[in-house]
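*Asks:* Fit chain E to the known structure of chain G by using the hints.
Those sequence lines, one after another, are chains G and E. Going by numbering that gives the first Met the number 0, the residue at position 235 of the first sequence is 234; the numbering climbs one at a time, nothing skipped. Going by numbering that gives the first Met the number 0, the residue at position 247 of the second sequence is 246; the numbering climbs one at a time, nothing skipped.
Calculated directly from the structure, the hints in this document are not laboratory data. Treat the hints with care, since some could be wrong.
A few chain G residues that face chain E, going by a derived Cβ cut-off under 8 Å, partial list only [claimed, not checked]:
| id | residue |
| --- | --- |
| 1 | 23 |
| 2 | 24 |
| 3 | 25 |
| 4 | 61 |
| 5 | 101 |
| 6 | 103 |
Just a sample of chain E residues kept apart from chain G, beta carbon distances all over 12 Å, derived [unchecked claim]:
| id | residue |
| --- | --- |
| 7 | 83 |
| 8 | 159 |
| 9 | 285 |
Just so you have them, the derived chain G footprint on chain E, three or more residues with Cβ under 8 Å [unchecked claim]:
| id | region |
| --- | --- |
| 10 | 19-25 |
| 11 | 60-70 |
| 12 | 94-106 |
For every residue, glycine included, the Cβ atom is placed at its ideal position computed from N, Cα and C.
Protein chains: 2
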Amino acid sequence: MILTVTLNTALDITYRVPSLRQHASHRVSEVTERPGGKGVNVGRVLAALGHEVTVTGFAGGATGHEVRDLLASEAPGVVDALVPVAGATRRTIAVVDQHTGDTTQLNEPGPVVTPAEWSAFQDVYEDLLGSVSAVALCGSLPPGLPVGAYAGLVRTARAANVPVLLDTSGEALRRAVAARPDIVKPNADELAELTGSHEPLRATQDARRRGARAVVASLGAEGLLAHTSDGLWRAAPPSRVKGNPTGAGDSAVAGLLSGLAQHLPWPDRLSRAVALSTATVLSPVAGEFDRAAYEELLGRVSVTGEVTAA
Amino acid sequence: MILTVTLNTALDITYRVPSLRQHASHRVSEVTERPGGKGVNVGRVLAALGHEVTVTGFAGGATGHEVRDLLASEAPGVVDALVPVAGATRRTIAVVDQHTGDTTQLNEPGPVVTPAEWSAFQDVYEDLLGSVSAVALCGSLPPGLPVGAYAGLVRTARAANVPVLLDTSGEALRRAVAARPDIVKPNADELAELTGSHEPLRATQDARRRGARAVVASLGAEGLLAHTSDGLWRAAPPSRVKGNPTGAGDSAVAGLLSGLAQHLPWPDRLSRAVALSTATVLSPVAGEFDRAAYEELLGRVSVTGEVTAA
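This is chain G alone, in the form it adopts within the complex (with noise of 0.2 Å):
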């Protein structure tokens, strides 16, 4: 069983307007709804590709329902562990302009949660911590919650034995990394604000140095960048494609997870990760992954680098 937490779960909408005009009224032509949030995101691909995946992290009010029966529903796989908040599950609105393709995007800022909700939960991702062979934590904070959340989620899991996958920016990220987590995922600009520095391979070995074992960077169109113990490697698709990016970095964290919990050697966690996400960036459907394009390519990741003598 892998363990995924998204403290800030969202209902995703996207709407679809013929043309997106500041200031006008618009008929929406096509309403879709998602359950959402990087971890929620993950825990879906993680349960297509045949894992047994738990989900928790909170979910309140209308929204919060909503979110647990799109779950239940479109993503039976996953198992729900979801700890209920009294606030609201914030929601996310993708505006997609028909006319000319691009994403205008209103994301809410989620509930707040009281101190009372955050021990509940808490409790209940200790007990989870029990039956499961790797947890990723993932996404932003929501409002209540204190800055070092993750930090101490993580030194729970480094307690219990379970590798742990951060994927979280900003001054959540900083406080986290200092408590060890096996894995940290971030992008170009989270690396960058993490480490003052725009040059990868320097900001990734930064990042080690300031906690974490393992540092898997996702340069976009690029693939990864990943410093860890065992070596540096870098890997990317056959191939540069066109698409939609939306979930793609989720992706790479799903294919990480999926090799991690197979103890499966770097190599080839990072090329199910590259796999993984260039397929969901082929996808017709924001966030899904087209899986002949992702067994097609799961051979044909390019990974190079070198083994650190032990």
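*Replies:* Structure of chain E alone, referenced to chain G:
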């Protein structure tokens, strides 16, 4: 008891964002939610005026549940007689740019109402008509309903001897006018679309020829023009006011219904409607009215016109 009908109820959501930019990602700084749809708004204003009010129409899904919860908590004087549907009540999203003050509006289409649900509604409506002094039919039709839906509801009300006010637009208005509603309240655009004339005096006359017993056209800051079998009146606020016109038309409908239910003569109904809609423009909260301003304005609305010789 006054009845208002909202076939396409809505969860009205307002987002405040520092500055709305197309194709960018925005963190919403403030989220507010209200139960919406024209008839629901009219019902809230009537309840605030001290009338007994029942609202009916359709509500479904998680959003319909939220609309009913909000109605119970924020408009406790309004009796909820909404009919359940399998589809989800639509959301409307008003994105307010805090820098410019402008609003960009996104309206979902609403649930597809099945013939069985429409039939269930008609039974509820006919039952409710037995105990009401007036009924208002408000707003757009959700997908799935016949375009003659309002025409049927007008005929049912007239057969039950309940005076009926109609506030809709387009083909639904055209069909229902022919069923001889007691009052229609188009705005200038709706009236021009119905009659082909942009000259209000000519257009209101034409709308009466098409079947409406009385036509009250809302002409924005100029107030109301009423063409009735008792006479022709213009009613205007004492001075032009600045503010948010959202909900001003619904408040005018509430004023007309309030006066109708109390058998007031036309000039008093029109004074009430203009004072309420002006007090709504003056309120800092969209769709609410400023009670002190309403009471102060009530004696200062100018009503000019001529009474038709009996």
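*Asks:* It remains to establish, for every hint, whether it holds in the given structure.
*Replies:* Evaluated hints:
1. Proximity of residue 23/G to chain E holds as hinted, the smallest CB-CB distance being about 7 Å (cut-off 8 Å).
2. For residue 24/G, the shortest C-beta to C-beta distance to chain E is roughly 4 Å, which falls under 8 Å, so the interface hint holds.
3. Interface hint at residue 25/G: satisfied, since its Cβ lies 5 Å from the closest Cβ of chain E, which is below the 8 Å cut-off.
4. Because the smallest distance between the Cβ of residue 61/G and any Cβ of chain E comes to about 5 Å, under 8 Å, the interface hint for this residue holds.
5. This hint holds: residue 101/G has a C-beta 4 Å from the nearest C-beta of chain E, less than the 8 Å allowed.
6. Of the supplied interface hints, the one on residue 103/G holds, with its beta-carbon coming within about 5 Å of a beta-carbon of chain E, less than 8 Å.
7. The Cβ of residue 83/E lies farther than 12 Å from every Cβ of chain G, with a closest approach of about 15 Å, so its non-interface assignment holds.
8. At the 12 Å boundary, the C-beta of residue 159/E stays outside the reach of chain G, the nearest C-beta of that chain being 34 Å off.
9. Consistency note on residue 285/E: stated as away from chain G, and its beta-carbon is indeed over 12 Å from all of that chain's, at 14 Å minimum.
10. Counting residues of the region 19-25 of chain E whose CB lies closer than 8 Å to any CB of chain G gives 7, which reaches the minimum of 3, so the coverage claim holds.
11. Check result for the region 60-70 of chain E against chain G: holds, 5 residues qualifying (beta carbon to beta carbon below 8 Å, three or more required).
12. Here the region 94-106 of chain E counts 9 residues with a CB under 8 Å from a CB of chain G, which clears the bar of 3, and the coverage holds.
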